[in-house]
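Read off the chains here:
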Amino acid sequence: AQSVTQPDIHITVSEGASLELRCNYSYGATPYLFWYVQSPGQGLQLLLKYFSGDTLVQGIKGFEAEFKRSQSSFNLRKPSVHWSDAAEYFCAVGDPTGTASKLTFGTGTRLQVTL
Amino acid sequence: DVKVTQSSRYLVKRTGEKVFLECVQDMDHENMFWYRQDPGLGLRLIYFSYDVKMKEKGDIPEGYSVSREKKERFSLILESASTNQTSMYLCASTPSPAGGKQPQHFGDGTRLSIL
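Protein chains in written order, with this note's numbering: chain F, 150 to 264; chain Z, 290 to 404.
Bound conformation, chain Z alone (with noise of 0.2 angstroms):
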């Protein structure tokens, strides 16, 4: 079974900060993605990655950068938190080939405070 853990459950951070979130996949799947997820709002995807070091802008980056330095990592990097990112964020991975096809596997989340 495909394994997505996500570094924290929950977290709780001052405005301003800098702030890490990690994802580490262990089936060796190419694509991975962050997403946040808001009552009402549904997914959102802020940016994902098809390969390592490389990256794309999803719906809603603003605010937010990624890194992907190893195939199983993704972290989603907060450069200065404000208290409209206070959110649950969600990873996900999928493997190749591309092409819409690929269930997506998700983390169990992690509920960012931003205060």
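Only chain F is shown next, with the shape it has when bound in the complex (with noise of 0.2 angstroms):
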């Protein structure tokens, strides 16, 4: 079965500053990978998504992110971050077997951004 691992509960950066969040995944082939955010009190918003070809894909709000398959990796990063950018982050492994497009989520990740 497929794994997702978030290694940082929390962090924390200033504004403007870079953002990198980590995502290491377990799958026994090339995955689908996902990146979503959640404001407070929100349901999941999809940031980006991996299914193949250019390992760096760009998403909306200024988010790219990179995979990385010798390092089962999937981080999310911004050059230059803003205060509403803080938030908690999943990353997530999609399914291609099955009956449904079911998804395995991480733990999360917690954004704050001070100014």
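Among the hints, a few may not be true.
As the list claims (entries may be wrong) - Away from chain F, derived, C-beta distances all over 10 angstroms, residues of chain Z: (1) Ser296; (2) Ser297; (3) Val301; (4) Lys302; (5) Arg303; (6) Phe309; (7) Glu351; (8) Ser356; (9) Arg357; (10) Lys359; (11) Ser364; (12) Gln374.
As the list claims (entries may be wrong) - Partial selection, computed: residues in chain F whose CB lies under 7 angstroms from chain Z: (13) Tyr181; (14) Gln191; (15) Gly192; (16) Leu193; (17) Leu195; (18) Lys198; (19) Phe200; (20) Ser250; (21) Phe254; (22) Gly255; (23) Thr256; (24) Gly257.
It should be emphasised that the hints constitute simulated quantities derived from the structure, not laboratory data. In this text, all values refer to a predicted model and were calculated from it rather than measured experimentally. Where is the CB? At the ideal position from N, CA and C, for every residue including glycine.
With the hints as a guide, dock the two chains, each given alone in a separate frame, to form the complex.
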């Protein structure tokens, strides 16, 4: 079964600083990978996704993520963080088998942005 | 835009009550999901459905059941609510085809408290 690890529970960065959120996955084949963001009191919103091809994918709100097969990682990055980016971020891996588009989520990283 | 609507944002119930959480999507999606979200545990899949009247257990189905009588509506049922079911509940949907590529669209969640 696939699994996802987000090693950082909580990260604090200053506004304008760069950001990298880590995600490691365990899966036997080429995974489908996603990053979601959850603002307080809201559901999850898709930031970006990776299926195949170019290993650097661009998402919404200026986020990007890089797939590294050798490291089993899919880290999320942003060059300059804005205060509105404060939220919880979830990495997820898709299950290409089965009857529905099941996802396995990591435990999340809470981002705090200081002014 | 896909709209996934959960009937209640906040709900307070008593131990032993039968509780219904409702979810409706407006995009004719085949697949629907119920998760619970707890701090430090991320999202855990309770049940999912890939067609009307079809359902499969997720990772933590104990104490829950589901109903899908119409394509657009997926209900989560707590047969006899207990305090350990106090949590945030999230509903999601995806279109077919399956295969893990479809990002899930989430509702805003229902925060359920069992007293």
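Assertion that Val301(Z) lies farther than 10 angstroms from chain F (Cβ)
Correct as stated: the minimum Cβ-Cβ distance to chain F is 16 angstroms, above 10 angstroms.
Status of the Phe200(F) interface restraint (C-beta, 7 angstroms, chain Z):
holds (6 angstroms)
Given Lys198(F) was flagged as interface, is its beta-carbon under 7 angstroms from a beta-carbon of chain Z?
Lys198(F) check passes; min Cβ-Cβ to chain Z is 6 angstroms, inside 7 angstroms.
Please check whether the beta-carbon of Arg357(Z) is more than 10 angstroms away from every beta-carbon in chain F.
holds (12 angstroms)
Going by Cβ atoms, does Ser356(Z) stay more than 10 angstroms from chain F at every point?
Correct as stated: the minimum Cβ-Cβ distance to chain F is 17 angstroms, above 10 angstroms.
Cut-off 7 angstroms, beta-carbon criterion: hint that Gly192(F) touches chain Z:
Result: holds, 4 angstroms to nearest chain Z Cβ.
Minimum Cβ distance from Gly257(F) to chain Z below 7 angstroms?
holds (5 angstroms)
Close enough to count: is the Cβ of Ser250(F) nearer than 7 angstroms to one in chain Z?
Given a least distance of 4 angstroms, the restraint on Ser250(F) holds.
Taking 10 angstroms as the cut and beta carbons as the points, is Gln374(Z) off the interface with chain F?
Label holds. Min Cβ-Cβ 19 angstroms, cutoff 10 angstroms.
Given Leu195(F) as an interface hint, is its Cβ closer than 7 angstroms to any Cβ of chain Z?
At about 5 angstroms, which falls below the 7 angstroms cut-off, the nearest Cβ of chain Z leaves the hint on Leu195(F) intact, so it holds.
Regarding the assertion that Ser364(Z) does not contact chain F, is the least Cβ-Cβ distance greater than 10 angstroms?
Fine: 17 angstroms to the nearest Cβ keeps Ser364(Z) off the interface.
Does Thr256(F) pass the interface hint, meaning its C-beta sits closer than 7 angstroms to a C-beta of chain Z?
The hint holds - Thr256(F) has a Cβ within 7 angstroms of chain Z, the shortest such distance being about 4 angstroms.
Checked against the numbered hints above, the structure violates none of them.
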